[in-house]
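Given chain G, work out where chain B should sit, using these hints.
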Amino acid sequence: MNLNWKRTALSLSPIWATLVALALGAGLILLAGLNPIKAYYALFMGAFSNIYGISSTLTKTTPLIFASLGVALAFKGGYFNVGAEGQLYLGGLGATLAGLYIHGLSPLLHIPVTLTAGFVAGGIWSLIPGYLKARHEVNEIITCIFMYFIGLLFIEYMASGPLFEPGAPAAMSREIAASAQLPIIIPNTDVHLGFLMSLALVFIMHLVLTKTTIGYQITAMGLNPVASRYAGVNIVKDMCVLSFVSGGLAGLAGASEIMGLKHRLFDAFSPGYGLDAIVIAFLAKSNPIGVMVASLFFGALRSGAGMMQRAAGVPTTAVLAIQGLVILFVAISLVLPQWRPRWFRADMDKETPRKKENE
Amino acid sequence: MWSIVFNASFITDFMAAAIRMTTPLTFAGLSCTISERSGVFNIGAEGMMLSGAFVAAVGALFTGSAWIGTGFACIIGALLGLLLAVLSITLGANQIISGVMINILSLGLTSFLSRIIMGSAITQKLPTFETWGIPFLLKIPVFGEIFFRQSPLSYISYAIAIILTFIFFKTTWGLSIRAAGENPRAVDTAGINVCLVRYICVMFSGIFASLGGAFLSVGVVRYFTENMSAGRGFIGLCIVILGKWHPLGAVLAALIFGAVDALQLRLQAFQVGIPYQFLVMLPYIFGFIAISGVVGRAQSPEAVGKPYLKES
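Here the protein sequences come in this chain order: G and B. The first sequence runs contiguously to residue 351 in the working numbering. The second sequence runs contiguously to residue 313 in the working numbering.
Pulled out of the complex, with its shape left as it was, chain B reads as follows:
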């Protein structure tokens, strides 16, 4: 088995796959990071991702452009974020129940509508993105082609992580966001509208999740299947904890998950004698152990999960 693992083509294939698996997870992680930083649990990331994948596929199918499809995905993501925000922030519903609701709603609607709109007769593949190569870095032998020729959405995910880091830790907006998650009363006292901050963050959370979904459907496999997000949104919840609520931490954690996922796919291809079900389980087992505290306890923002009520 190990001779297979250390084979050169195995390693390059593995890395290319790892990077491909990482992008949707990065988006999921960033989605959960921004909402939890502002004090809202986004269990609905899974459903937002699934809806994003579906809408991107439908949009790309009808307009012939993966970019326009992705744009539609962002809109549906923002709308689902708005729904979560209205329920959990304005109406004060339980954030967990609202999120579970979004997941079930998304699964039901996308499964139904995909059969209506796309039918089962679709044979042609959806339009997708051209990969972008980064000029000079592309020349690095072996690794250049792996790391620096990627889907534009992958670059966008890294850009968002960097921008979020800057906003969180270098701007007053970021201070308001972080404070809304840690001590909403203080933010309120300072004259900043806590609800508004959370609304904006949750809507961006929806946009990021749906971008991850768009990557799944139009970015990689170029078709939509029922429940194609397959738990990646939930892994996002795990990535936040591993990444300690830091956007760049989320990128790193997503890379680890992407690597685990790519590893199990590679091992399946090489038929190493382990039943494939156990290989598919790997990311979940890894995530389970990771958040169960083996990796070290992380401190979540103080006010996550608590609705902020002004009068009380």
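Bound-form chain G, shown alone:
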């Protein structure tokens, strides 16, 4: 077999993993006594068959891209930000506050200010575990998860308490000022400016990671923090900045969701975008372009799930099961290159020394 072909096959491992996961998901649906082909067809049609499906897919892709970029950036620098969901909620709160209590600005100024508020709020929520990790070596997984629970409950309190609109049927705030709302970019749909901003961020992050010393520094810190420290890098400061920016990006996911779609702060306004973001960042191997593609895939899964339930009777939670299987096979595919069969790696190893891909 041709060497280049093998390289490509290997670099596309997330796609193989996804396909295997989809196949296994089909098996699960079959076991449940339902028709997997009908289910996947409905899922696909629900997500892409008409303008409503497509716009719903893009609307769901937007917060996924923001949050996943945040998680991917953190993974690159060796900070396991599994608390993106909490940071997303805090970002939503920050944006809501800026949208409610700042008046009289033109949209040109109010929108950036509101986005910044969301970024800072999400950033601070991530900075706390980041600082504790950098300064005191406190395991960020546990602290991030606790921050997530605390954040979720805090937003519930804010939406049903201080920000609650009297007389509203559910826990929600008043509507934010029109000048802080993101304009719709495709008429008669929900697709808002946040989508374009998320795409722009994908390319900015791609450039930063591949073309600048900052990107190199982040990657180096993720690969070998000890060496970075000896090379004169201030790990504590860099880790704080990294965690802040990572949380800020997740905060933007919440901010754009409030500013572009909901226009109010609801409790539980995210159906788990920040949790999907972990799977996406992982599936994309923390590559921004990969994040964009994977977010679109996950956005489509979420968008088509309703149709799948209506047309094929498969519960929407099947999507969660498929996500779980995706991450299982991606995890396996990441370590598999060391275990690929002899015939496959025979001519590859001669050229490049084996490297550990899993850490």
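Hints listed in this document are in silico derivations from the structure and should not be mistaken for laboratory results.
Below are the SDA-like pairs computed for lysine to any residue, each with C-alpha atoms no more than 25 Å apart in a straight line:
id, chain 1, residue 1, chain 2, residue 2
1, G, Lys277, B, Thr91
2, G, Lys30, B, Ile118
3, B, Lys307, G, Phe72
4, G, Lys277, B, Ile97
5, G, Lys229, B, Ser293
6, B, Lys245, G, Phe72
7, G, Lys229, B, Ala291
8, B, Lys245, G, Glu129
9, B, Lys245, G, Arg127
10, G, Lys(-2), B, Gly93
11, B, Lys307, G, Thr211
12, G, Lys254, G, Pro179
Residues from chain G that keep clear of chain B, each with C-beta distances beyond 10 Å, as calculated:
id, residue
13, Arg(-1)
14, Ser3
15, Leu4
16, Ser5
17, Ala18
18, Ser47
19, Gly159
20, Gly224
21, Asn226
22, Val233
23, Gly282
24, Val285
25, Ala303
Beta carbons: idealized from backbone N, C-alpha and C, even for Gly.
Structure of chain B alone, referenced to chain G:
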């Protein structure tokens, strides 16, 4: 508020609730203790617990016996432990990523399968355990009924803690386990298979976590809900640190968490004027502060989180 707190019935109710809240946390803590002692981070304890809760519920539903359901839970726990072990020990995958993977996988599969298998129409409650009273101690006024009439799974959790303490500190197996977590190279040199030790410990870790899950579903509320472990597995990671990697320490730390949790539930019931969200937050805030080093720095086993590669 304080007059409520020092009311006698408040205290007995509170203690009974605290003990009930403690058992799943004890299992979570023991689960993380045994795996970390052998050198493997088990972030997946949360998912193992959730899967255990689900499988125990399904097993109890179909067989009519909480015990058989719990047995199934142990099997799924061991299998998930095996999965974590294969990924992180044999294949050398990052332990944290493997654990997160188990959590997401468990959440997805249990949410999907619970709707398929149990539907939403289940109204009858699942079979549960008879509580066991300890003969003489039960006679102690007020406290006897609180401490000595419990679910058998609670007694099992204490028994496991005592047995683990004995194994860890009094047997050569325990020495191998602890050494595998501290200095795997030395264990290897002594002719003991590090990977085997870690495999066994991680599988037991899965079993303990799923027992905690079984307690949640068939032991207490007698139904299964999506994501019912609700972060208890993560609190287990925190309990290990507070308990300083000692099984009995884990029991004590779990008791503290159980008490905090029971306190917030009691306060909610009495409507003390604090928004309930802040009360629900209490265990997490407490855990956050505890592991952030206020309680005193603890030393984790040296080799936790590092895959052991023989040739390097």
